[in-house]
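Peer 1: As a plain string of letters, each chain reads:
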Amino acid sequence: MKPGDQTRLASVDAVRAHQRRWLEETRTAVAEGGREFAICNADDFEEIFTAFDIPVLVVNYWNSIITFSERKGPHFSAVLRDRGYSPGMFAMGLASTLEPAEAPWGGLPRPTMIVGTTRDEAQLRVTELWARAFGCECIPLDFSWTSQYKKIPPNGWWDLHFDRSMEMIDPARHAERVSQMGKLIAHLEHRLDRRFDHDRLRQIMEGVNEQMALWQEAFDLIAAARPLPVSLRDQTAIYQLNWQRGTSINIALARDFLEEVRQLVAAGAGCYPSERFRLYLATSGNDPAFHRYVRERWGGAVVSSRYSGIAPMYARDLSQQAPLDALASRQLFLFDKEPHWEVHEAKRWGAHGVIGMERDPSRPSRYRRVVEAAGLAYLALPRDADDDEVRGLIDKFVETRMLGAT
Amino acid sequence: MTEPSPSSAFRRAYLDRSAAARAWKAQGGTVVGYLCDNVPIELILAAGCLPFRLSGTPDADLQIVSDRVDALYPPDLTGRPAFAASILSQILSGALDFVDYLIIPHNRHAIQAMYRELIEAADEWPDLKLPELHYMDKAWSPLSDVSGFNRNAVEALRDTLERWTGRAVDDEAIASAIDDVKKTRALVRQISAARVEQPTSVSGTAALWAYAASNCLPPRQFHDAAQAMLDEAVDLPPREGPRLFVGGSPFDHDRLYAIIESLGANVVAEDHCWGARLGDAYALPQGAPLDRLAARFHEAPACSIRFSFEATVSASVERAIAAKVDAAIFYVFAGDSAQSWETPDEVAQLRALGIPVLHLAEQSYDCSPAEDFRQKIAEFLAAFPAHRAMQSS
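Residue numbers (the working numbering), protein chains in the order written: chain A, 55 to 460; chain B, -16 to 376.
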């Protein structure tokens, strides 16, 4: 197999197929059997619902399917604007419920509950309006890692998650979060008329650890391999495994992914024809629009992005903390969009340069300062697009910083 | 030379909001700045300091925010409404150098973010001279309770003030400050009541100046001026023209009100955190002064945002109904991520009640271009007589 021959991974396609099948089965079970179903934010309550044996859909994941996979962002933005709202990505799911005929994959079943968040006023309101559209209950939880302003993450925070997570969060917020989760669990016990099984939660959390260890091993292999065996597109797509994390089926899918990665590495498979220089993408976006140009014009490759390093941060040392405490600590801080961690990741991937998004690429920025101080080149782009301006910035960057530097 | 009217005194305070604080500072006093309308300023007063609420200004140069704050983060982390940006610009530029300390509450996202933004800007740019900060946390979820997290947050603020001033903040001082602020709020409510009389004799613009003054003058100074304003209002001629409600984003400047009232209408009520809401009273329990403050802090919305959505919308609609308005204008700033979701329901409910509404979404903070708004509002107001005639027939 020569570089560039490797295409989409079967194990990644299997994850997507599983997600679709899961939604179909859940929709049928809700419609025909009165099964419960829930919606929650990424890190807010998923494991609790899973331990209650309630299928749960994560807001961010559904929004991502609508926006990136199905490319229906413009349609649903118009749906929101027609109703007087200011569209935003977080509200795509709400829009798909307001106008379900265009919803991807047949749309969502009516949830029993939406767990909202006060972490952001727009997210609070969107989850409330979404619950109203469904005619279900919405209960928001306080705080999350995206409202991590009271305590600024310490240096080297990316190494502290597993067993030193309490050093990264505010203890008062942690206690309040644990208390709020306890109250929400009690509320669910009352509504569902069944007891919450804390042993089951521990199983789920241990399953999360197992899944994340498989992920870590797979991504360590991918990062170390030359040529790159798994494309950025597939690296991003496999992130879907993080939804319904810790379940036996997701662990099995993660194991299949690791096995396929092992085989690709052993075969010396490469996903891009050339890696004349390797770039790391410091954004939360998907495979960027300009990536083809980088490959075809310059023979470079974007080898990874922020998302490849996030998943292992879900793992927690359950010998130190009770599952609910561990869960709360993770909910209060997952990761930070800051350049020191991105440099750490870029070096792990053997990147020669880092691409960041800046409103005005010509102005100085902390990302540029930190990345360049670490000995890597930095390319600031104003947007993820493949247009003349972006190509011009890429050309200049490659000519001045990549050619001859590799 | 005649003595300026109280509303002129409030106008002067509005036009130079820092004057009283600078005078306080010049006399050796300590100024504690704060953001939003739910920080327990009673504790600041009890600590012997002057509370000074930071406001935006539509003419602020925002370049310094781009250079000193936005340059630190990816662009998806730096979205904020312009009024928040203009507050940041004043802090960064040194325009608020009389503020010794600053309290940042856990309210809307752009406000929360300022805490980290300022700390990291100071780290990155050693030439910046910024006040010492205190983050005033708050739980908003219906799952939180009054005796827990929010009470601890009030205690933490008291402890910080004691550290800043080097003196104990005791119950007696807190109780005295509670009385002062209670009187301030009572006077604000009286001004609001005078506005909604039929016919009104107090303009919405003058009321807005008075409300702003309640957030930047020493309490006794405000009490005297407010009482004088109320005394003077009795003799003012009635104001003709339609009665309007203003909803939407927080107006910390008077440009919209000035445009509306220059067209012959009167803003008799509003629902935003620089308006009549500053006088809101809450049923507080008896007990220790700190417990009473904690109860109020727990009840007060964070940046006007409370759970549930329906409660927020109802509160806004009820303010308009109580003021017996003829019409409403909802003006929502671009990037105001709370109001952009709440306003459509508020608009729909008022229209369902037969109240005409002009909904201006995703608008500029500075009400520019003023002539365009003037035109839109004039056209909207011109439709009233017909509407009212239709209603009465």
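Warning: the hint list may mix true and false statements.
[Said to hold, decoys possible] Using C-beta positions, here's what the derived DEER-type ranges look like:
1. A/Ser338 x B/Gly337: 43 to 49 Å
2. A/Ser338 x B/Glu345: 23 to 29 Å
3. B/Arg172 x A/Leu246: 44 to 50 Å
4. B/Gln210 x A/Ala229: 44 to 50 Å
5. A/Asp442 x B/Glu345: 47 to 53 Å
6. B/Ser291 x A/Met143: 53 to 59 Å
7. B/Glu107 x A/Ala320: 20 to 26 Å
[Said to hold, decoys possible] Covered by chain B, per the in silico footprint, the following chain A stretches (three or more residues, Cβ under 8 Å):
8. 126 to 132
9. 136 to 148
10. 206 to 214
11. 233 to 245
12. 331 to 341
13. 414 to 424
[Said to hold, decoys possible] Reference listing, derived: stretches of chain B covered by chain A, where coverage requires no fewer than 3 residues with Cβ under 8 Å from a Cβ of chain A:
14. 51 to 57
15. 119 to 132
16. 239 to 249
17. 319 to 328
Everything labelled a hint here was simulated from the structure, so no lab data went into it.
The structure displayed is predicted, hence computed values, not measured ones.
Backbone N, C-alpha and C fix where the C-beta goes; we use that ideal spot for every residue, glycine too.
Peer 1: Hint by hint, which ones does the structure fall short of?
Peer 2: 5, 6, 7, 8, 10, 16
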